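S.K.: Here is how the chains run, residue by residue.
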Amino acid sequence: MEIERFSYDNKIVKNFAYATIVWGLVGMLVGLWVALQFVFPVLNLGIPYTTFGRLRPLHTNAVIFAFVGNGIFMGVYYSLQRLCKARMFSDALSKIHFWGWQLIIVFAALTIPFGITTGKEYAELEWPIDIAIALIWVVFGWNMFGTIIKRRERHLYVGIWFYIATFVTVAMLHIVNSFEIPVSFLKSYSWYAGVQDALVQWWYGHNAVAFFLTTPYLGLMYYFIPKAADRPVYSYRLSIIHFWALIFLYIWAGPHHLLYTALPDWAQSLGVVFSVMLIAPSWGGMINGLLTLRGAWDKVREDVVLKFMVVAVTAYGMATFEGPMLSLKNVNAIGHFTDWIIAHVHVGALGWNGFLTFGILYWLIPRIFRTELYSKKLANWHFWIGTLGIIFYAVPMYWAGFAQSFMWKQFTEEGQLQYQFLETVTHIIPMYALRSLGGLFYLIGAVMMAYNIVKTVKAGSLLENEDAEAPALAKEYHAHTNEHWHRWIERRPVQMLVFSLVLVLIGGAIEMIPTFLVKSNIPTIASVKPYTPLELQGRDLYIKEGCYTCHSQMIRPFRSEVARYGEYSKAGEFVYDHPFQWGSKRTGPDLARIGGKYPDSWHYNHMLEPTSMSPGSIMPNYAWMLDNELDTTNTAAKIRAMITLGVPYAEGYDKNANADLIKQANGIVENLKKDGIETTNNKEIIALIAYLQRMGVDIKSKK
Amino acid sequence: MRYFKINNVALEKNIAIKTKKYMLLMATIFIFLGLSAQTTSAPVDSSIGIFSNALSLTILAVIGFLLILISVLGSVLKKIAFYKQQKENKSNTTILSIALLAFLSTLSTSVRADNLVENITKSVTIGVGGIDVLTFWVLLFVILIELIIVAVLINLINLQLASKQDDSVTVKSIPQEPSFFEKVNASVAIENEKDILFDHEYDGIRELDNNLPPWWKYGFYLTIIFGVIYIINYHISKTGKLQTDEYITEVAEANAAIEEYRKVAANQVDENTVTLLTDASDIGNGKELFMANCAACHGRLGEGGVGPNLTDNYWIHGGGVKDIFKTIKYGVVEKGMKSWEADFSPIQISRITSYIKSINGTNPPNGKEKQGDLYTENIVSPKDSTTTPIDTITSSTVVDTLSKK
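As you go down the protein sequences, you meet chains A and B in turn. Sequential numbering from 1 applies to the first sequence in our numbering. Sequential numbering from 1 applies to the second sequence in our numbering.
For reference, chain A alone in the conformation it holds in the complex (with noise of 0.2 Å):
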């Protein structure tokens, strides 16, 4: 056979290790900032920019997509050149590939402060970055398509069939949740409404965890352990079950999402036992990972990289033992909303995701530069500080979880309520001050490290092109006789994408299309009518200023709930929310049946300064609400949107849109001038009290 000469692309992973850095610095610095607005509430900076709503969302998105994001790119780059023995596929795809997904970066870094944003958690970027996501997935597609085609091993390793199925499930996610009406360049509606927006979400959401932050990390977990601990994979069998077990089962789970809500329960009752069904797929990979080092623990002792590669699998193990646990249903209850979340996504995010970023780091950094790393004790150092700081998180959070939601469903002999759901809020505040310290010790440990990094970049040079060589595919090719039968599919990486797209189709399928389809699933409600258009003016206020990022609007059929927030939420009360907004915690209490609560001249006097109204309440101040003016150019445009998506405003109704509108907000006006407030009918307030004064009141008359 003849023997072929060629190199690896070392730039392009370089590029990415440091977009890695640099991007994952810059999001947990956002983290920590949000962290502290918790305690003190007055780092909102009373600007619009910098408040919680905003910048939790910008937070979220640079972790995932940006930091993590090039992580796995980074990752995959290193690794499916020399898992192939070929040159990625071309080097123009390589570096649109980067340059794009660097832009989307900055594009969502430009848009999100500003309020431009769908609402929709972990998908918040507007249409025409959703487009441009999708292009660069695609080319990042062909690029690693091109070189799987072109490659000089028969068959494909473990870690690309973690590759091929992260890329097409992300791109068939992505696109089934961005599906959206644009009202303007960068306004949009999404396509799904209320409880069937909600499982599309979930689904997405979910499953971003699963194929974004999950199944890429596995596949770099099967090349760099081996790798850095120099033994073989642990065992073959356990590879081939849990990978085709964890994709299929995994895309059913969304639903663990909404328990309790108005998600019919045979959706919510799927969730469950998919969500249980997957500790085992999950736990293969941790077990695969751990049981290669059978042998090598000596090494970990000594070998920084391995010390790291070791809690981020022990972690991940933690955390998706915790995620089957927490979808079960009484479990959910307690955990649901409360900061038992916050701490088991960190517990995943900050151990499974940051940890084996920074062992593929401190390992391929020196590589590339063909030199030793800068300083090992400092690299010790950030291990410790950073298991250290993921404890400090985590510990608060499970704590303030708990408490929380105790304090929440406690009544008092004589059947009321114990705590204000202030009291509930004031009482967990060191649990964040706590928390934020975790955060402070993590993000100081990713300085250390870049530090370090910067030092041996130094000392050492870039290797470019790595050379290599390896003898040309034969055309033909004989099985052996007694092969696993599993070879088959290794050598056809073009039936791998066909076969996983198809098993991850069936999950989402069965789901969705009855909850689409069938009536009884979302039971009409007569007395709910469309949002008047000031109410939906208001709405996209709210969803502007991240509302949902506090204040759930779903109330659960608990005892509780219903003492507190009123009549639990019913399915058909949703029908006309593009998107849904029930939220996924609740830092400030449900706004479901807010409407009609308080006075006109509360929520005035609220937006303007919280604690004038609640005593204690650590809500930012949006006292630039009272002053601008709200745009009602667009109006006419929304509600044509609306009525292609099937809400039924009469026809021709956007052109008498603002006449109305005008209409409510002058009695708003009058309202609040009882009350001694003077203001004038063309405020952004005036149409978010609309808004509030609207939610739940459709059917709370009933009372």
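Quick caveat, the hints were computed from the structure, so don't treat them as lab data. All values reported here derive from a predicted model rather than from experimental measurement. A virtual CB, placed ideally from N, CA and C, is assigned to each residue, including glycine. Check before you lean on any hint, since a few could be wrong.
To be verified - With the C-beta cut set under 8 Å, the calculated list includes, among others, these residues of chain B facing chain A:
1) Phe198
2) Asp203
3) Leu208
4) Asn210
5) Leu212
6) Phe226
7) Gln243
8) Tyr247
9) Ala254
10) Lys338
Said to hold, decoys possible - Facing chain A, from chain B, some residues (calculated, C-beta under 7 Å):
11) Val251
12) Ala296
13) Gly336
Since the structure of chain A is provided, determine the placement of chain B on it from the hints.
M.R.: Only chain B this time, still in chain A's reference frame:
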């Protein structure tokens, strides 16, 4: 002699298989338990369900204890079989067996089933001591199964100990016992790794052909069984309560408990029986509550703000003790006064009412202009007697009307 050894090994294998089966069975039962716990427990206050009830806790403790006993017996049995194979120290086995039997005899008395039954029959009439009948019988069934397993294990141990006289095999070389983790995961020892190493290699990475760890594999099966049973329980046999039914039960139970409490509790007042409190401690408590909850809208001195002035003689909804009590309790939702019934107990509302009456006429600075009608104390408000009781929580009615549409 030779024959016996084979027999012995076979026996050990047999035991191992049996233990595995028992474990599987136990785990299945636990899943059932978990399910019934979900079914029976309301998710809220008693969200820990069967773990909060004294009787069920006792039963669970017995179950746990028996489980430990089973695992001890199982390992003892394995040890005996192992020792018998080695045959190196006879006295060891004897001491062990004596100790074991002594241990067992004490145990068997402590977990006598009739003790339990006696315990339980006391409360059979009311859904068995606070846990529902199904859960109770499932729990009892678990204990029964566990007792059977214990009996079988003791039997096997006896069999082993009895046959020791016939046995005089000498074993020459004992293979090195695999480590705990190797046993648990059924992995091939590192020394023998080359036997299971695949010949393929990716950038220097090799792969081994180790077994799926048995605990992982059976755990996976169990979660699948759990899933099937879960769906059957909630959606096919419909034995499990879905969220709406769960909620109705929870509210009914809570309302019953409140009724019970009200029967025995003193100081119960409502808008028809409330009177002005003059005790300083009552007024003081009322003031505290007012400052924390009312001052935001009505001002710290009651001068008004978002809400009306409470210190003048003009009242929108009546200024009598009963009127104010009623306004606080039910609220005037259309005017922005929320109902505080879920937040304050009746006695607390009467304290706030009394505090409000106590600040009448204080004429604080920045008082809001008068609203409503002039109220003078000797006129009895006619509204007081016409209160319509409001259901604490309406649930089934709303659900019904909705689902009909």
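S.K.: Run every hint past the structure and note whether it holds.
M.R.: Going through the hints against the structure:
1. Phe198: 6 Å, holds
2. Asp203: Status holds, d = 4 Å.
3. Leu208: Since chain A brings a Cβ to about 5 Å from B:Leu208, closer than 8 Å, the hint holds.
4. Asn210: With Cβ-Cβ at 4 Å, under 8 Å, it holds.
5. Leu212: Because about 6 Å separates B:Leu212 from the closest Cβ in chain A, which is inside the 8 Å limit, the hint holds.
6. Phe226: Holds. Min distance 6 Å.
7. Gln243: Holds, about 5 Å.
8. Tyr247: 4 Å, holds
9. Ala254: 5 Å, holds
10. Lys338: With a minimum Cβ separation of about 5 Å from chain A (threshold 8 Å), the hint on B:Lys338 holds.
11. Val251: 5 Å, holds
12. Ala296: 5 Å, holds
13. Gly336: Interface hint status for B:Gly336: holds (3 Å vs cutoff 7 Å).
Violation of the numbered hints given earlier is absent; every hint is satisfied by the structure.
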